[in-house]
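K.L.:
One-letter residues, chain by chain:
4 protein chains.
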Amino acid sequence: MDLADCYFKVRRRTEEICAPLQTEDYVVQPTVDVSPPKWHIGHTTWFFETFILKPYFMGYQEFDPNYNYVFNSYYETVGTRVIRTDRGNLSRPTVLDIQRYRKYVDDAMENFLLCNPIGDDVRELLVLGFNHEEQHQELLMTDIKYILGNNPLFPVYSPTYVKPKAIASDSNEWVEMGEGVYEIGFTGEGFSFDNELNRHKVYLNEYSISPTLVTNAEYLEFINAGGYHDFRHWHAAGWDWVNTNKAEAPMYWHNIDGQWHQYTYHGLELLHLHDEVCHISYYEAYAYASWKGMRLSTEFEWEAAATRFSWGNRWEWTESAYLPYPGFAKAPGAIGEYNGKFMVGQKVLRGASEATPPDHSRITYRNFFQPELRWQFTGIRLAK
Amino acid sequence: MDLADCYFKVRRRTEEICAPLQTEDYVVQPTVDVSPPKWHIGHTTWFFETFILKPYFMGYQEFDPNYNYVFNSYYETVGTRVIRTDRGNLSRPTVLDIQRYRKYVDDAMENFLLCNPIGDDVRELLVLGFNHEEQHQELLMTDIKYILGNNPLFPVYSPTYVKPKAIASDSNEWVEMGEGVYEIGFTGEGFSFDNELNRHKVYLNEYSISPTLVTNAEYLEFINAGGYHDFRHWHAAGWDWVNTNKAEAPMYWHNIDGQWHQYTYHGLELLHLHDEVCHISYYEAYAYASWKGMRLSTEFEWEAAATRFSWGNRWEWTESAYLPYPGFAKAPGAIGEYNGKFMVGQKVLRGASEATPPDHSRITYRNFFQPELRWQFTGIRLAK
Amino acid sequence: MDLADCYFKVRRRTEEICAPLQTEDYVVQPTVDVSPPKWHIGHTTWFFETFILKPYFMGYQEFDPNYNYVFNSYYETVGTRVIRTDRGNLSRPTVLDIQRYRKYVDDAMENFLLCNPIGDDVRELLVLGFNHEEQHQELLMTDIKYILGNNPLFPVYSPTYVKPKAIASDSNEWVEMGEGVYEIGFTGEGFSFDNELNRHKVYLNEYSISPTLVTNAEYLEFINAGGYHDFRHWHAAGWDWVNTNKAEAPMYWHNIDGQWHQYTYHGLELLHLHDEVCHISYYEAYAYASWKGMRLSTEFEWEAAATRFSWGNRWEWTESAYLPYPGFAKAPGAIGEYNGKFMVGQKVLRGASEATPPDHSRITYRNFFQPELRWQFTGIRLAK
Amino acid sequence: MDLADCYFKVRRRTEEICAPLQTEDYVVQPTVDVSPPKWHIGHTTWFFETFILKPYFMGYQEFDPNYNYVFNSYYETVGTRVIRTDRGNLSRPTVLDIQRYRKYVDDAMENFLLCNPIGDDVRELLVLGFNHEEQHQELLMTDIKYILGNNPLFPVYSPTYVKPKAIASDSNEWVEMGEGVYEIGFTGEGFSFDNELNRHKVYLNEYSISPTLVTNAEYLEFINAGGYHDFRHWHAAGWDWVNTNKAEAPMYWHNIDGQWHQYTYHGLELLHLHDEVCHISYYEAYAYASWKGMRLSTEFEWEAAATRFSWGNRWEWTESAYLPYPGFAKAPGAIGEYNGKFMVGQKVLRGASEATPPDHSRITYRNFFQPELRWQFTGIRLAK
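Residue numbers (full-length UniProt numbering), protein chains in the order written: chain A, 1 to 384; chain B, 1 to 384; chain C, 1 to 384; chain D, 1 to 384.
Chain A extracted, bound-state conformation (with noise of 0.2 Å):
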């Protein structure tokens, strides 16, 4: 597929996703780390005008130069922005002021792309905006869901949204793994980001870990058991969380009447009790692992199992913290502000979620956030 294609096919995608929603439901940010999703369409499109069309399209117009300030995520290096707790406190630009702004670019970056011999180093920034715009496309459905999921009213986002099939485990075994060197990290010719670069070698421990992931009704005994009132089982810092938030289950759980309930894309439904647990922070995570006298994996430990387990419905919170591999450089410009200046207090999470666009994973991905957060697919994998 040419570039065009490709461009056109992810810049669909994300029209796609907000298909179903209410113009209300884009304008909205109940929490600081979900954006409204107006935002996200025009950051996405200002991603592609910022860094391509703006240095490498001769003649090109911008199209409001207030965009800027608007649509600026955390670029130190591009400008003064909007904070970001005041993203839902912007009524304009209007969605349709947005859908123009991005009919725009989309027709600016059809003229580009065409008309222009496009050289490697505009084709790596390229590629970077699909992976971009992947991102905000798998943020788009964890901030739509928080968005309706936290209204009382528990509107449906789609009634005929699937949940896309998780790839079955050839076995139920433990995977075994040996004592020894293993390679880790990207290499070879398709996308990565700048985190995932320089493969390199670890050391591992002999360990086993599970094929599966932890399920609601397993998640269901530990709450049962008393897991959220019993310290032994939490970080110090996990304890002051539970304590501060009171928190006495996942993030969409509601225990109405006795009976256990999920905030889904199809609204408010009994838990189900097979899918894997979802929507917990590493706190959780951890505290449930510990409860079971297990432990999570490391990402190393995870990558280089990665091929013996299934994975893809749930990001998987692992030991490791987020951190640069040897010989991690940060590029040059506001393109060096991706990944590297984030890498401190978060952890690590492998593996994709039902929420990741296809083709958007890889074993070597590494996703991170704040212990605490919940709003993302998050789920448990026990190692040992």
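Any given hint could be a false lead.
Treat identical chains as interchangeable: a pair holds within one or across any two.
Listed next, the in silico DSBU-like pairs over lysine-lysine satisfying Cα-Cα at most 35 Å (straight line) [unchecked claim]: (1) K292 <-> K54; (2) K384 <-> K201; (3) K292 <-> K330; (4) K292 <-> K9; (5) K54 <-> K201; (6) K330 <-> K246; (7) K330 <-> K103; (8) K103 <-> K163; (9) K9 <-> K103; (10) K384 <-> K103; (11) K54 <-> K165; (12) K103 <-> K292; (13) K163 <-> K54.
Keep in mind that the hints were calculated from the coordinates and are not lab data. Values in this document were obtained by computation on a predicted structure and should not be read as measured data.
We have chain A; now place chains B, C and D onto it with these hints.
P.N.:
Showing chains B, C and D alone in chain A's frame:
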């Protein structure tokens, strides 16, 4: 005009205020004191549904039982509700949903008003409902100004907005008032709120009060004289407020390249020097008066002299705290939560503003806000 | 008594209050409104050094120029100062250092008072200084109670502490007061604060006022009737306060195994049922009155009737906000910061308390605090 | 040296550290991470009472049952406790009370150690207690520095304090380390904490590491080059930290009339240019390294090379997060709360500092703090 006509007149005016809005403008809550316009149009509807239709219209079917939770403002008597800071987090019900709700309630009210004999108690509640909706019309005007005026694009509300004409003062002389007993509070036939009732005597010392309000030009002198940097003019709490908020000018003023601008319903414009100063806190009103070597009047001084000066374009901060008049008693039930429970920590404002609906003002009207609030059309009248 | 005798009498009383303390008790600041005792004994000394010795005693050598920074309370005129919340973070100057400072200033004051003719302006400042120190004596009593009473060991302040005898009311009849004009405010020869000055007329409606204060036994009925759980009795701000602080009883009450205890200067004791209720917020006073179907008096009603009931053991919350009397004017310079700048957001308390120094009370005395504060000896007198 | 000698030696050293303090210095807690010295001397005593005397010394009478509540640090297993932020609010028990408690426990320990056969489990707990007390000796040094160094009078701790001599590096050459498998973690006979155990293999790439630490002079170049104002060198969280705290220099640095000073145990002095930079956060260490075009080492790189460079005067921030070693397991009961529950969100520091007790350091020692903390003697070693 009969009750049904009154009802539809007041309801229509709410819709006219909202007519220039985009759907997105209905949704956001950029600060806790500002409610999303869609909340106002739902809440005023809920008021009639809750206090008229449900108790008095036999056979009335509630539109949606969830709406009580969504549109209750602060009536503890009527049950739990969305916490105030969360109003801007709700994308649903949509504007269209709420317009349907409004239509449904209006149709029921029409039936009710036309086909039922209306007793005195219901008539009283209806008139309260009209006045309640008028209060929300004023809030709609000020909240819309805040929503648009705090957007980095400074959108125009309506190019055809015309500020109501100020009633010119008969004279430019300060009004001199003699020492003695004056009667204060509402008496007579028409509507008043419970906080104005119980006309009673107060003893006032000799005083004089300005026939006009302080203008932007006059206030600018205070700014240029360093008023925001001289603690001597401020209350201790006001000085904290200045420093915490780095206050330098009234709300909506912007110094762009050395020139003062103000946001208006027409967008960003050069400061109107001859306008009455607006959008100031009580702290600023007090500091300005102190800098001039004068003071604000009490609400009693204001009311006693009100027939002798012009008023109506600005809510005028008074020196009075919002306290019950002698003999004040709360009504039983939810209606009793209307005023009394706010009688601590707030200052009285007298007069009316350009955003006040016509016919909603009275010389005895007692408005009240926390001393730091500025999003209302507040101004300064000096006394000595 | 001459000025020097007065000086040493008031200074000695401060030291007597502190005599039972351990060194450590002088240092801590368990909440922002409580100052460490060593700060009080330094600050009252600083007052005489700053306002008497430095301007009026030729050749006086300042004890330590750093002490201005350490012991200034809130006088912006006199320069920067340790922020109020940091007073409890300072281990130095030590108690001994401050006692040396106190001795140094007392010696200088003795020389100054004995060897200089004292002009009227200095005499006025001296008397202000005595009254200022008496106010801090009361604060010492309440701050010491807070420091010890919030310690998990509940230490005794002094086993020989005796509460001053309450002045018995002449009668148990409610005091009936007729409608009309009353004179309010200080007049005459002795000392008063600027906020009491300008005796002026107020018009009062007919009212009656209780001869006695509400007792612990009576207040317990309110608690047992669920008063802390019924929003109808509370201001909106009071109800927030109850819920935020999970308030269930007055400060210093402890329910131990179903039995109410109270912390006193003698340590933890069974609740004294016949004592006047104490250490309540304005919100609680208001809610109690509302539950009884009565109200608090205004400060004017209180003052007009004060010769006809007993008072003096509790600061009585009134319904009045702390506002300037007609004609109130701040003194120039630092002394002008004494009262006026606090005239917003506070309630007036009338009377005096068991912690008030003898001879420090007057019928016209206006005390004032934020409505949520409870560490003073506050109580309730009903009116109707 | 036998156990009793060890016990008294370590106990005496705590008292020597406190010898120069005034009583008031024992009481305050100017920031949450700093504990009042009297708390440290009580808590270390409580440790021996709780974990040795009460379970193992038959007939031992607890000194005061309330002290468990007062001196428990964070052991959930041992019951409720004074919340950490309240330690500085407690004037009682007094310093004298705590010294009596200390004497009482020391006497009991003497009896216990001399008259009882000591089993292996008790010996292990004793050695843990010695090391625990040594950790608190270091905290005493840093907390005392914070208490005095944040006092506006900048009092001297001790004019005779001498910084331990730095071990000079054998060479000024960077240490070059080859690629390969290294062994990491404690092994052997002596004492170590549980977080150092499980010696295991790690694979390291080729790297070089500086023989010396960054000096004040070198760090000053970073400041003068605008390092605190250039976002490119900082993590996103670090940049927030800089802006929130308006950080401009290491803790204890003061720019007085254009000249840099630093607070030391001798009081305020001119900046010692040749000293190792100290009292910096991880964010600053990272930013400095980034500005130099280098990086911090990992804890594994540090340990593998540690015999080849000098260390011991500064805790050196590493790039490593504080995570469990392979096979790490918490001990059962309260002792298991020692380390494991802190293994999230913190960075590892390696080495030791001038405040570390002699004989308390090891090449395998893993210290850990949140990345923003600066009150420890922290420094920077570069790697590449």
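K.L.:
At 35 Å max between alpha carbons, let me know whether K54 reaches K165 within a copy, between copies, both or neither.
P.N.:
So K54 and K165 fail the 35 Å test inside a copy (41 Å) and across (49 Å) alike.
K.L.:
Under a CA distance limit of 35 Å, which applies to K330 and K246: within one copy, between copies, both, or neither?
P.N.:
For K330 and K246, only the inter-copy Cα distance (26 Å) is at most 35 Å; the intra-copy one is 40 Å.
K.L.:
When no copy is named, should K292 and K9 be tagged within, between, both, or neither for a Cα gap of at most 35 Å?
P.N.:
neither (44 Å within a copy, 43 Å between copies)
K.L.:
Should K384 paired with K103 be assigned to within, between, both, or neither, using CA atoms and 35 Å as the limit?
P.N.:
neither (52 Å within a copy, 47 Å between copies)
K.L.:
Since the copies are identical, ignore which copy is meant and state whether K292 and K54 lie within 35 Å (CA to CA) inside a copy, between copies, both or neither.
P.N.:
This pair counts as between: shortest inter-copy Cα distance 32 Å, intra-copy 54 Å.
K.L.:
How would you label the pair K330, K103 (within, between, both, or neither) given a Cα cut-off of 35 Å?
P.N.:
Result: close within a single copy only, 32 Å intra versus 58 Å inter.
K.L.:
First find the shortest C-alpha distance between K163 and K54 inside one copy, then the shortest across copies, and answer within, between, both or neither for a cut-off of 35 Å.
P.N.:
neither (38 Å within a copy, 43 Å between copies)
K.L.:
Treating 35 Å as the Cα threshold, decide for K103 and K292: within, between, both or neither.
P.N.:
Close neither inside one copy (52 Å) nor across copies (44 Å); limit 35 Å.
K.L.:
At most 35 Å between CA atoms: does that hold for K384 and K201 within a copy, between copies, both, or neither?
P.N.:
So K384 and K201 pass the 35 Å test inside a copy (21 Å) and across (18 Å) alike.
K.L.:
Please sort K292 with K330 into within, between, both or neither, judging by C-alpha distance up to 35 Å.
P.N.:
between (40 Å within a copy, 14 Å between copies)
K.L.:
When Cα atoms must be at most 35 Å apart, do K54 and K201 count as within-copy, between-copy, both, or neither?
P.N.:
neither (41 Å within a copy, 50 Å between copies)
K.L.:
How would you classify K103 and K163 at a CA-CA limit of 35 Å: within, between, both, or neither?
P.N.:
within (30 Å within a copy, 38 Å between copies)
The structure shown violates the earlier hints numbered 4, 5, 10, 11, 12, 13.
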